[in-house]
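Novice: Listed below, chain by chain, are the residues.
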Amino acid sequence: MSPLLEACEVTHCFGGLCAVNRFSLRLEPGELVGLIGPNGAGKTTVFNLVTGVYRATRGSIRLNGTELVGRDPHRITALGIARTFQNIRLFKDLTVLDNVRIAHYAAMRYSPFEAVLRAGRYRAEERRVLQRSRELLAEFGLEACADEPAASLPYGQQRRLEIVRALATEPRLLLLDEPAAGMNPNEIGRLMDFIRQIRQSHALTILLIEHQMKLVMGLCERIQVLDFGATIAGGTPAEIQRHPKVLEAYLGVEEGA
Amino acid sequence: MDAKYILQQALNALQLGSIYALIALGYTLVYGVLTMINFAHGDVFMVGAFLCFSAAVLLELPFVPALLFSMAGTALLGAAIERIAYKPLRRAPRVSAIITALGVGIFLESAMLALNPYPKSIPTLIDNVTWTFGGVTVSSLQLLIIALSLGLMLLLDFVVYRTKTGMAMRAISWDRALVPLMGVPVDRVVTLTFALGGALAGAAGTMYGLAYPVIDPYMGIMVGWKAFIAAVVGGIGNIRGAMIGAFILGGVEILVVAFLPSTYRDFVAFSLLLILLMFRPHGILGKTRAQKV
Chain P
0 MSPLLEACEV THCFGGLCAV NRFSLRLEPG ELVGLIGPNG AGKTTVFNLV
50 TGVYRATRGS IRLNGTELVG RDPHRITALG IARTFQNIRL FKDLTVLDNV
100 RIAHYAAMRY SPFEAVLRAG RYRAEERRVL QRSRELLAEF GLEACADEPA
150 ASLPYGQQRR LEIVRALATE PRLLLLDEPA AGMNPNEIGR LMDFIRQIRQ
200 SHALTILLIE HQMKLVMGLC ERIQVLDFGA TIAGGTPAEI QRHPKVLEAY
250 LGVEEGA
Chain S
0 MDAKYILQQA LNALQLGSIY ALIALGYTLV YGVLTMINFA HGDVFMVGAF
50 LCFSAAVLLE LPFVPALLFS MAGTALLGAA IERIAYKPLR RAPRVSAIIT
100 ALGVGIFLES AMLALNPYPK SIPTLIDNVT WTFGGVTVSS LQLLIIALSL
150 GLMLLLDFVV YRTKTGMAMR AISWDRALVP LMGVPVDRVV TLTFALGGAL
200 AGAAGTMYGL AYPVIDPYMG IMVGWKAFIA AVVGGIGNIR GAMIGAFILG
250 GVEILVVAFL PSTYRDFVAF SLLLILLMFR PHGILGKTRA QKV
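Residue numbers (numbering that gives the first Met the number 0), protein chains in the order written: chain P, 0 to 256; chain S, 0 to 292.
No wet-lab data here; the hints were simulated from the structure. Computed from a predicted structure; not experimentally measured. We put the beta carbon where it would ideally sit given N, CA and C, even for glycine. Keep in mind that a hint or two might mislead.
Stated by the list, open to error - Calculated cross-link-like contacts (lysine to any residue; reagent style SDA-like; alpha-carbon spacing at most 25 Å):
| no. | chain 1 | residue 1 | chain 2 | residue 2 |
| --- | --- | --- | --- | --- |
| 1 | S | Lys286 | P | Gly233 |
| 2 | P | Lys91 | S | Ile36 |
| 3 | P | Lys91 | S | Pro280 |
| 4 | P | Lys213 | P | Asn86 |
| 5 | S | Lys286 | P | Lys213 |
| 6 | P | Lys244 | P | Gly233 |
| 7 | P | Lys91 | S | Val158 |
| 8 | S | Lys286 | P | Tyr53 |
| 9 | P | Lys244 | P | Glu220 |
| 10 | S | Lys86 | P | Glu147 |
| 11 | S | Lys286 | P | Leu246 |
| 12 | S | Lys286 | P | Tyr154 |
| 13 | S | Lys86 | P | Asp146 |
| 14 | P | Lys91 | S | Trp224 |
| 15 | S | Lys286 | P | Asp146 |
| 16 | S | Lys286 | P | Val68 |
| 17 | S | Lys286 | S | Trp224 |
| 18 | S | Lys286 | P | Cys7 |
| 19 | P | Lys91 | S | Lys119 |
| 20 | P | Lys91 | S | Arg89 |
| 21 | S | Lys286 | P | Arg88 |
| 22 | P | Lys91 | S | Ala84 |
| 23 | P | Lys91 | S | Arg161 |
| 24 | S | Lys86 | P | Tyr53 |
| 25 | P | Lys91 | S | Trp173 |
| 26 | P | Lys244 | P | Leu93 |
| 27 | P | Lys91 | S | Ser53 |
| 28 | S | Lys286 | P | Cys144 |
| 29 | P | Lys244 | P | Asp92 |
| 30 | S | Lys86 | P | Thr230 |
| 31 | S | Lys286 | P | Thr43 |
| 32 | P | Lys91 | S | Thr162 |
| 33 | S | Lys119 | S | Trp173 |
| 34 | S | Lys86 | P | Phe13 |
| 35 | S | Lys286 | P | Asn86 |
To be verified - Simulated coverage check for chain S against chain P, where a stretch passes if three residues somewhere in it have a Cβ under 8 Å from a Cβ of chain P:
| no. | stretch |
| --- | --- |
| 36 | 116-129 |
| 37 | 181-195 |
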């Protein structure tokens, strides 16, 4: 089977500091993979490289064989990659509904002239996207607050809305950056169910960054560990928990070990 | 002092306010997407007036084609200014963009001065009929200016609040780095914003040229500043605020001229800006936006 995403020897340097160093990753369609590592290991930089926010200094990243390095972020989104953020980033003064609608931008096909003339295609496309957005909100229990500003939602629902917005771009690959940040164990349990559910219902491949080991170990099929921008280990959750380099990176070297 | 006089002045204020509003919208649109003040915008308005003049005199076009010619020309000019002068500075310190904008303004004034050293007058493109209703005089030109401006403002409101491009503009003003991840081509939306602002300035230039006797290469400076004041008074970045600010400013100016020596006009207009900013630094409809962490 050919991989959905293949990152090959990707390096990204800010000045002299390489935040990501010869990073490689292969995601098969439908996989759910965790990316873990200490703070500053370069995990979020990997997300920024994949989504085109940063341009890799060296190396290649391919989605279904299409090279992503050097492509504009809006084109990469259109190819089927969506993400969420560690610190939630919503359009807070836009309504919940508009947050989801804007994610359909590339899927709305009408010209400015058709809009000004209120031509049939403009009406049809706007109606389709409005309906699709409402369906998505209903699917995730957010329809009641569709017309509220996004900022007024409680924290947990803002996280959920961010994921719904990402799904609205119709991604094949979803990147989740610390989805459990700020959640208690109960909420984390519900989040795990939620991630499993969207993975099934939206046929997603998921790569997630997380510090909450309960979530990573309970959810991911495979884990890759980063430290100082380089991969130090990879394997199943059980393998990672015993891996000496991982223990060293997380806990430091034991005295007399 | 009677009701007729007040009504007459209100009509004049509406006419002046309409022209300020069309220009103020350009400032506010660009500020919304780039948090930048496009100081060349007043000069785009000036170019719009001269384009209308060329259309009327050289091409001998009637009113509607002349208006569309001017609007299309200033839309292209606005987009070209953005691509050539501002886009390379997108990541530069903000002061560079402001200085560039002032430079573009001076460039446009000097270029127009080189092409057109003498003040010009746009020929009458529409039959100017005047009616008198109970002592209040209304001209067809005045009605046209007010109606056309309101129409364009409604159209803009529709674009900004009811189309995907408008939604993208509003989202960009909140978080520009995030918008591309929604699949939005930010560069194209920014250029469209400048084109839209330019087209409105072209319409304003055309109507100004029809309503007031003389156009000259420096006419955009003071009118541009006034429109900028209107945008700030209304809350820069806010579309409806720019319209409200423009009509307030138009009203204040007409009132000053009606009751005080006309030389007080600009003094009062700029004082209004300073006083308002002391009490409402974000303008009438502007929101204090929490700094993003």
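Novice: Hint by hint, say whether it matches the structure.
Specialist: So, going through the hints one by one against the coordinates:
Distance hint between lysine 286 of chain S and glycine 233 of chain P is unfulfilled; the C-alpha atoms sit about 49 Å from each other, more than 25 Å. For the hint pairing lysine 91 of chain P with isoleucine 36 of chain S, the CA-to-CA distance comes to about 24 Å; that is within 25 Å, so the pair holds. The hinted pair formed by lysine 91 of chain P and proline 280 of chain S meets the criterion: a straight-line CA distance of about 22 Å does not exceed 25 Å. With a C-alpha separation of about 20 Å, the suggested pairing of lysine 213 of chain P with asparagine 86 of chain P holds against the 25 Å cut-off.
At roughly 42 Å between alpha-carbon atoms, lysine 286 of chain S and lysine 213 of chain P are farther apart than 25 Å, so this suggested pair is violated. Taking the CA atoms of lysine 244 of chain P and glycine 233 of chain P, the gap is about 11 Å. The hint holds against a cut of 25 Å. With a C-alpha separation of about 21 Å, the suggested pair lysine 91 of chain P and valine 158 of chain S falls inside the 25 Å cut-off, and the hint holds. Under the criterion of a C-alpha separation no larger than 25 Å, the hint pairing lysine 286 of chain S with tyrosine 53 of chain P is inconsistent with the structure, at around 32 Å.
With a C-alpha separation of about 20 Å, the suggested pair lysine 244 of chain P and glutamate 220 of chain P falls inside the 25 Å cut-off, and the hint holds. Distance check on the hinted pair: lysine 86 of chain S and glutamate 147 of chain P sit about 35 Å apart at the alpha-carbon level, beyond 25 Å; violated. Taking the CA atoms of lysine 286 of chain S and leucine 246 of chain P, the gap is near 50 Å; set against the 25 Å cutoff, the hint is violated. Note on lysine 286 of chain S and tyrosine 154 of chain P: the hinted pairing holds, with a Cα-Cα distance of about 23 Å set against a maximum of 25 Å.
About 35 Å separates the Cα atoms of lysine 86 of chain S and aspartate 146 of chain P, which puts this hinted pair outside 25 Å; it is violated. Simply put, lysine 91 of chain P and tryptophan 224 of chain S have alpha-carbon atoms about 32 Å apart, too far for the 25 Å limit, and the pair is violated. For the hint linking lysine 286 of chain S to aspartate 146 of chain P, the alpha-carbon distance of about 19 Å falls within 25 Å, and the restraint holds. With a C-alpha separation of about 39 Å, the suggested pairing of lysine 286 of chain S with valine 68 of chain P is violated against the 25 Å cut-off.
Proposed proximity of lysine 286 of chain S and tryptophan 224 of chain S is supported: the alpha carbons are some 22 Å apart, at most 25 Å. For the given pair, lysine 286 of chain S sits about 46 Å from cysteine 7 of chain P by alpha-carbon distance, which is inconsistent with the 25 Å threshold. Taking the CA atoms of lysine 91 of chain P and lysine 119 of chain S, the gap is about 49 Å. The hint is violated against a cut of 25 Å. Between the alpha carbons of lysine 91 of chain P and arginine 89 of chain S the distance comes to roughly 24 Å, so the proposed pair stays at or under 25 Å and holds.
Pair hint lysine 286 of chain S plus arginine 88 of chain P holds up; C-alpha atoms about 19 Å apart against a cutoff of 25 Å. The suggested pairing of lysine 91 of chain P with alanine 84 of chain S is violated, with an alpha-carbon distance near 31 Å, which exceeds 25 Å. About 18 Å separates the Cα atoms of lysine 91 of chain P and arginine 161 of chain S, which keeps this hinted pair within 25 Å; it holds. With a C-alpha separation of about 19 Å, the suggested pair lysine 86 of chain S and tyrosine 53 of chain P falls inside the 25 Å cut-off, and the hint holds.
Only pairs whose Cα atoms come within 25 Å are accepted, and lysine 91 of chain P paired with tryptophan 173 of chain S is accepted, the gap being roughly 8 Å. Restraint check: the Cα-Cα separation between lysine 244 of chain P and leucine 93 of chain P comes to about 46 Å, which exceeds 25 Å; the hinted pair is violated. Distance hint between lysine 91 of chain P and serine 53 of chain S is unfulfilled; the C-alpha atoms sit about 46 Å from each other, more than 25 Å. At roughly 22 Å between alpha-carbon atoms, lysine 286 of chain S and cysteine 144 of chain P fall within 25 Å of each other, so this suggested pair holds.
Under the criterion of a C-alpha separation no larger than 25 Å, the hint pairing lysine 244 of chain P with aspartate 92 of chain P is inconsistent with the structure, at around 45 Å. Taken as a hint, the lysine 86 of chain S and threonine 230 of chain P pair is broken in the structure, with Cα atoms around 38 Å apart against an allowance of 25 Å. Simply put, lysine 286 of chain S and threonine 43 of chain P have alpha-carbon atoms about 32 Å apart, too far for the 25 Å limit, and the pair is violated. Distance restraint check for lysine 91 of chain P and threonine 162 of chain S: the Cα-Cα separation of roughly 19 Å lies within the 25 Å cut-off, and the hinted pair is therefore satisfied.
Note on lysine 119 of chain S and tryptophan 173 of chain S: the hinted pairing is violated, with a Cα-Cα distance of about 43 Å set against a maximum of 25 Å. The straight-line distance between the Cα atoms of lysine 86 of chain S and phenylalanine 13 of chain P is roughly 23 Å, inside the 25 Å bound, and the hint therefore holds. Using a Cα cut-off of 25 Å, the hinted pair lysine 286 of chain S and asparagine 86 of chain P holds, with the two alpha carbons roughly 23 Å apart. Counting residues of the stretch 116-129 of chain S whose C-beta sits closer than 8 Å to any C-beta of chain P gives 0, which falls short of three, so the coverage hint is violated.
Coverage of a stretch by a chain is defined here by at least three residues with a beta carbon nearer than 8 Å to that chain's beta carbons; for the stretch 181-195 of chain S and chain P the count is 6, and the condition holds.
In terms of the numbered hints stated before, the structure departs from hints 1, 5, 8, 10, 11, 13, 14, 16, 18, 19, 22, 26, 27, 29, 30, 31, 33 and 36, listed from lowest to highest.
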